[in-house]
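Novice: Protein sequence lines correspond, in order, to chains A and B.
If you count by my numbering, then the first sequence holds residues 1 to 518, one letter each, in order.
If you count by my numbering, then the second sequence holds residues 1 to 348, one letter each, in order.
It should be emphasised that the hints constitute simulated quantities derived from the structure, not laboratory data.
There's no promise every hint is true.
Facing chain A, from chain B, some residues (calculated, C-beta under 10 Å) [to be verified]:
no., residue
1, Phe115
2, Arg137
3, Ala339
Simulated coverage check for chain A against chain B, where a stretch passes if three residues somewhere in it have a Cβ under 8 Å from a Cβ of chain B [claimed, not checked]:
no., segment
4, 86–94
5, 119–131
Predicted model only: the values in this text are computed from it and were never measured.
For glycine and all other residues, C-beta sits at the position ideal for the given N, C-alpha and C.
Chain by chain, the residues run as shown.
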Amino acid sequence: MDAAESDPSDQTQAAALPALDLQHAAKSFGAVHALIDGSVTLRAGEVHALVGENGAGKSTLVKILAGVHQPDSGTLTVNGRQVTLHGPAAARAAGIAVIYQEPTLFPDLTVAENMFIGRQPLRPGRRIDRRAMQEEAAATFTRLGVPLDPARIARGLSIADQQVVEIAKALSLEAKVIVMDEPTAALSAAEVDRLFEVIRTLTSQQAAILFISHRLEEVFAICQTVTVMRDGKHVMTSDLAGLTANDLVRAMVGRELAERPPEAAGAEPGEPVLTVDRLTREGVFTGISLTVRSGEIVALAGLVGSGRSEVARAVFGIDRYDAGNITINGQKLKKASPTAAMAAGIGFVPEDRRQQGLVMDMSVQQNVALASLGNLERGGLIRAKAERAMASDWAARLKIKYGRLTDPVAMLSGGNQQKVVLAKWLGRKPRLLIVDEPTRGIDVGTKAEVHRLLTDLARDGVAVLMISSELPEVLGVADRILVMREGRLAAEFSHADATEEALMSAAMGQHEASRGTL
Amino acid sequence: MRAVIAPRRQQRQDSGAGSVRLAERVSRIRESGILAVLIVFVAVTTLVKHRFLDTSNIQFVLVDTTVFALLALGETMVVISRNVDLSVGSVVGLSAYLSTDLFAQHPGIPIPVVFLAGLGIGLACGLANGIMVAAGRVPSLVVTLATLYIIRGIDILIVGGSEVDASSLPNAFLDIPKDTIGGIPDIAIAVAVVIAIGAYYLRTYRSGRDLYAIGSNPEAARLAGLPVGRRVFTAFAVSGAIAGVAGVLWGAQYGTINSTAGTGYELQVVSAVVVGGVAIFGGSGSVTGAALGALLLSTISSALYVLGISPFWDQAIWGFLLLLAIALDQTITARLTAALRKNARSRQ
């Protein structure tokens with residue numbers, strides 16, 4: 001272990017003591033060793049990155065800090081005092097706040113109540129002081145520079161705003177340690193910038209922050225130190241200055257990775273598979289016309305909220321539309337019917353795989369077979385043997401890592417879950433595959449595999465429509481790139497013409513600072 | 001950059017306020033909607049049969065509502081936390097018999113003691129439900145379906161073929177539903193006060209808000225460190241205790257108590273709660289709405305009786321209202337979500 005800890009030069013006396021120090025934490029779930037040797041040291045006023053592939057044990061470490069899991073062994077020291085966290089309340093009392101990748105808000109409660117639940121300000125008689133609660137919430141949002149209305153209910157908030165609520169909650173708790181588990185996964189560039197502003201505000205107030213992200217450029221942009229984990233173990237801790245992204249990737253995967261970004265399929269596109277003609281949904285998208293030909297990967301880029309996912313959902317028949325036509329291989333597609341879309345040979349890998357792509361409680365095998373049940377049944381009964389054969393075949397082809405095919409899919413890591421979703425659709429031999437954010441929250445190694453899979457599919461003649469917020473992915477994988485802005489198609493680029501800057505300015509509609517994410 | 005942001009912020013504030021207004025309007029509409037249906041029902045029935053609005057009939061409806069409204073209060077607390085208590089009908093039956101039987105066993109026993117006994121019996125049942133749901137992590141639908149039968153079974157074992165009849169009950173007890181202040185039955189006032197307290201509690205106390213949070217997102221509630229098990233346990237205990245008290249009231253109202261008392265009440269109470277705008281999957285709704293739902297259902301029964309329509313229609317109309325309420329909820333939630341999303345989008 002080449003742990004090279006360093007004290008930033010401008011640390012004050014008080015900050016010399018680590019704000020939080022976790023040493024040699026281990027946690028097993030039955031036979032699965034989720035965390036074998038996890039260590040991390042956080043200092044006040046510092047943003048500390050935690051990186052590693054999916055399944056490296058980051059989430060388990062986070063849940064230990066959150067008090068959700070109790071470690072089997074290891075020590076946790078907060079502000080010089082050794083503590084045992086028996087539950088989330090204990091973690092909160094110890095001054096640790098955790099912001100999860102998927103914010104956990106109460107949709108029926110107001111924003112202010114979400115922030116203060118369980119510790120609302122009181123007036124005499126232990127009654128909740130609503131006005132004080134609203135005012136304090138409003139003050140916190142002002143401090144963060146985000147004008148959210150504390151009195152609205154949380155239902156319908158964008159993921160970025162949900163995270164802001166979580167951060168505001170941590171702030172109002174006066175948490176000394178804030179753990180952010182992939183906070184940027186679902187944010188647009190402007191929102192990431194806003195988050196970074198907030199993080200800088202937090203560190204200037206001497207908070208210690210643990211920042212988990214798969215986007216290394218963000219790690220370098222906002223963090224000062226980094227801890228790398230692999231296979232449940234601590235690999236290294238170091239100052240970020242002097243390190244390169246390649247150093248980190250090497251430490252994460254334990255080997256050199258093939259050069260990114262991947263190559264486009266480059267296959268000669270064939271006949272149009274999908275033709276969308278002046279598709280309009282009032283208030284969401286307007287006059288969208290596009291074609292995806294067989295063997296072609298077309299990327300739909302644009303800011304989150306520009307209507308990309310909504311167009312894809314309309315094509316697959318999940319959402320209705322008000323005007324326009326969709327044809328598949330020259331046949332007009334029935335409106336608002338996923339069944340018709342599937343019958344026409346469309347596969348759809350949704351953005352939110354946990355909610356929409358998978359049935360989390362069902363087995364790996366059942367999830368893979370889910371879209372192909374028609375082929376697996378005889379006399380109305382599903383043939384278990386055929387289901388198993390199909391699942392193990394696809395698991396092998398996509399290199400899905402699993403314990404048993406009968407394990408619930410929830411037990412797989414994010415990357416492997418995404419492969420299960422892909423396998424589910426590939427089993428139907430789709431003519432058109434729509435993938436929405438195919439590599440969100442997936443580690444570098446699996447990401448490359450997913451990219452290769454998409455280009456292989458295109459070479460086999462499948463038409464692929466990909467929605468992605470990651471510019472390297474869009475630039476690398478797509479043959480053609482369509483950029484959406486505010487519900488309209490703003491620009492089109494070929495693989496050769498596209499640059500990050502050109503895409504960004506098309507997506508923003510103005511010259512704003514560009515960055516690695518849309 | 002700053003210049004760009006400033007007008008955006010302005011817009012944010014505006015649409016934010018709009019969405020709040022929307023959310024508030026919807027929740028108010030939900031309660032005033034029931035009130036509107038109630039008024040229409042009363043108006044139409046009165047036009048046909050004027051005696052529907054007689055003092056005596058109004059008193060009858062109010063007294064008839066009290067047991068349901070009380071049960072609806074306890075049920076609301078349980079349903080808000082994304083649970084359900086199906087045992088309340090059986091608890092009413094057991095409590096009604098055991099507590100009123102005390103008058104025969106111990107002549108001269110003070111009435112408040114009998115109410116306390118009923119409360120205790122209900123509380124015991126509620127605690128049993130609560131332990132199994134909160135500590136045993138068994139879905140409440142299953143637990144309370146089981147206790148529905150178990151408690152009824154115990155009731156039948158104890159009561160057998162006998163019954164408590166009015167002759168063994170003191171007049172002061174039987175008069176409880178008849179006493180009035182200014183034409184309004186005492187007991188209706190008392191129940192209204194209890195419901196007001198319940199509504200205030202759920203709105204204003206942390207533990208009350210916890211119930212909404214738990215029902216809205218149980219996982220988030222756990223992560224937020226809320227005492228989920230304890231709150232759910234308490235909700236069942238309170239629901240049981242209230243059902244126990246309601247059982248004693250039932251005894252005072254009907255005077256004759258055998259082993260079938262309160263049969264089928266659980267579904268009527270759940271109906272009242274849902275018609276009253278409490279989301280069946282928890283997280284939203286109010287005690288006031290649930291009580292109005294109970295009042296509406298009692299009014300409908302009475303109206304059908306006054307109009308001379310077969311009581312068969314009673315249940316059919318309840319079922320229809322239930323469907324209507326659920327359809328309305330779905331529509332409102334969908335519209336509300338869409339509107340809030342749209343607001344969120346226009347802010348970006």
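Novice: If a hint holds in the structure, say so; if it doesn't, say that too.
Specialist: Hints, verified against the model:
With 10 Å as the threshold, the beta carbon of Phe115(B) stays out of range of chain A, its nearest partner Cβ sitting at about 26 Å, so the hint is violated. For Arg137(B), the shortest C-beta to C-beta distance to chain A is roughly 16 Å, which exceeds 10 Å, and the interface hint is violated. A distance limit of 10 Å between C-beta atoms decides the matter here; for Ala339(B) the minimum to chain A is near 8 Å, and the interface restraint holds. Restraint check on the segment 86–94 of chain A versus chain B: 6 residues with Cβ-Cβ distances below 8 Å, three needed, restraint holds.
Counting residues of the segment 119–131 of chain A whose CB lies closer than 8 Å to any CB of chain B gives 6, so the stated coverage by that chain holds, three being the minimum.
The structure shown violates the earlier hints numbered 1 and 2.
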